[in-house]
Each structure stands twice: as C-alpha cells, then as structure tokens.
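Going by the UniProt record's numbering, the sequence shown runs without a break in its numbering and finishes at 305.
It should be emphasised that the hints constitute simulated quantities derived from the structure, not laboratory data. If you're wondering where the values come from, they're calculated on a predicted model, not measured in any experiment. Keep in mind that a hint or two might mislead.
[To be verified] Label-pair distances were calculated between CB atoms; the ranges are:
1. P43 to T230: 42 to 52 Å
2. D189 to H266: 20 to 30 Å
3. P43 to S135: 38 to 48 Å
4. D288 to E15: 29 to 39 Å
5. D288 to A162: 16 to 26 Å
6. A11 to A164: 46 to 56 Å
7. G237 to L89: 44 to 54 Å
8. S46 to K277: 23 to 33 Å
9. P294 to A11: 55 to 65 Å
No residue lacks a Cβ here, since even glycine has one placed at the ideal position from N, Cα and C.
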Amino acid sequence: MDSPPPPAALAWASELAGPAAGAWAVQRLAGGAHAATHLLRTPDSSTELVLRRFPPGDRAPAYEARVLAAIDGLDGWAPRLAGADPDGLRFGEPAVLITRLPGHADITPACPETAAEQLGRALARIHSVPLARLSGLRDGMAASASVTRSAGRGPAAPVLAAHADRLAGRPPVLTHYDYWSGNVLWQHDVITGIVDWSGASLAPRGFDVSWCRLDLVLLHGPGTAEVFLTAYQEAAGEKLSDVALWDLFALTNSYRTVETWVPNYHDLGRTDLTAAKLRQRHTEWTEDRLARLPENSYEPCDRPR
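My request is simple: use the sequences and hints to build the entire structure.
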C-alpha cells in the first residue's frame, strides 16, 4: 500500500474533480498504517484532493464514506467526501476521495502542554455535535468488544471485564474512535482539523479521552495527559466520571499491540521511540492507573468464582 496511486485512480479523481483537473501532482502523506494516503494537486494548485486506498476487501472505506456524509464537514473541522469506491471497482483497491484540510500532523510540538490544551478543547467540540445529525453511525463500544476479546489482556483486564457495562452505559456522543496526535492537523501551532474518520461511532466521551491520554503519555508523559483532561473538561463544561477506569479501558485494549505503533510514530518524526520504550511507558501508566482507583470501588467481585 506504499506504492503511488495507479493511473486508473488518477483518472477517477479527474472525473470527480472536473475538466480542470487533467493532471495531478502526487505526494504521499505521512502517518497512518491502515490506508495509503496521497495528496493529489493540480499543477496550479486550484484543486486538492486526498486519496485514501485500502487493502482489497477492506470495508473501512464504505463506512468512512457514510461517516463523512453524516458529519458533513463538521463546520470545516473534517474533510468532505468527494467520491467513494468501496468495492474497488475502478482500480482494484477500495478507496475514498476527500477534500484536503489545511495543515499537517505534528507529534513533536515545541510545547507539548500547549498542544495538549488544544487537543482537549478540540475533542470537546467534536463531542458537542448534536446526535440528531448522526444517524447511521455504529455503536462504538459494541464495535470495540471484539478488540477487547482479542487484545484485552494484562493486569487491568479483570477490573475492566467486571465493569464493562458501567462504561458502556454512559451517554453516547460523536466519537472519533482514533483520536490521537497523528490524526490532528495543525497550522501555525493552531489546530485546523481532524482526519481519518473511518472508525467514527457513537460511544461515551471517555472512549476518545482515554485513547488520547494514552497517546500523550507515550509521547510526552503523564503530566501532558492531565493537562489535556483539564482542558477537555473545561471546554465540555463537565467532569468526566471514572477517568482511571477509562484509562484502563485504553490500556487493556492496547496491551498486545502497543509495540506495533512504532512505525506510525517514526513516520511523524518520533524516531526516538522504540518498542521497548512504548512497552515500558504502557506498563508504568497501567500501574499508575490501577493505583489511582478508589479503594474497593472497582473490585471485580462479579467475576465467576
């Protein structure tokens, strides 16, 4: 999937963009391992589209097209759908074409705490979208259940299993499902948009919060995750319940896979992070979260005896 788009893909983009787009300059965009992502730009830069190509048989582009139609650009904070070929009929790979948002991903900010504040406020904005405009989105907690079964191991797994219903019962919001620094675009140190909506769902707000906090811990340390949470709660106008339990949700679901995130981090400039470092930070964050649980509050007493 790292290969350049085939000529048939560029012909498809030209059909959708109109006669002015007779030729394209192609640039690979960094980040992400699920899809091959390329910027298509006309020579005069009058038209810019982003082509996302997926492995044959992948159903993610079909769902991403549905999500992008539902969120309708999020007032400029999300791409708009320009075209979709979820069955790969045009050139053998399922794909979507979307509008380009200004900015670029940045996981090496000069001031991680300032970036974390913006990440928190941006997420609160996403979570405030009225549910009435989000018909057809999946249940995010149900969708993650298979991940929990396959990747959900580690010291926090019994606690999480005992209280899965507690988390799933929280009120749903628009959830990005993969809200981390690499899916946020920046321009002049200001967030300009959020990309990669292929997993967006309806789920409790703690879902996105916990995954972004885990990412910030791995990148910059626990202090940055706390700055993010404070900014999020202030912007949302309410405190998040069961923060430590939600953190354990993200930790448990990433227990077996955290080392595989190394290529994503390297692609965006954090070549200092190794699999060993990610595992160490993941373990330390797990131990911290378990220690922060109120005594006896989450005792997994309903496990089979």
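Checked hints:
1. P43 to T230: 42 to 52 Å: holds, 46 Å
2. D189 to H266: 20 to 30 Å: holds, 23 Å
3. P43 to S135: 38 to 48 Å: About 40 Å separates the Cβ atoms of P43 and S135, which means 38 to 48 Å holds.
4. D288 to E15: 29 to 39 Å: violated, 53 Å
5. D288 to A162: 16 to 26 Å: holds, 20 Å
6. A11 to A164: 46 to 56 Å: holds, 48 Å
7. G237 to L89: 44 to 54 Å: Once the Cβ atoms are compared, 46 Å apart, the range 44 to 54 Å for L89 and G237 holds.
8. S46 to K277: 23 to 33 Å: violated, 44 Å
9. P294 to A11: 55 to 65 Å: holds, 60 Å
Hint violations for this structure: numbers 4 and 8, all remaining hints satisfied.
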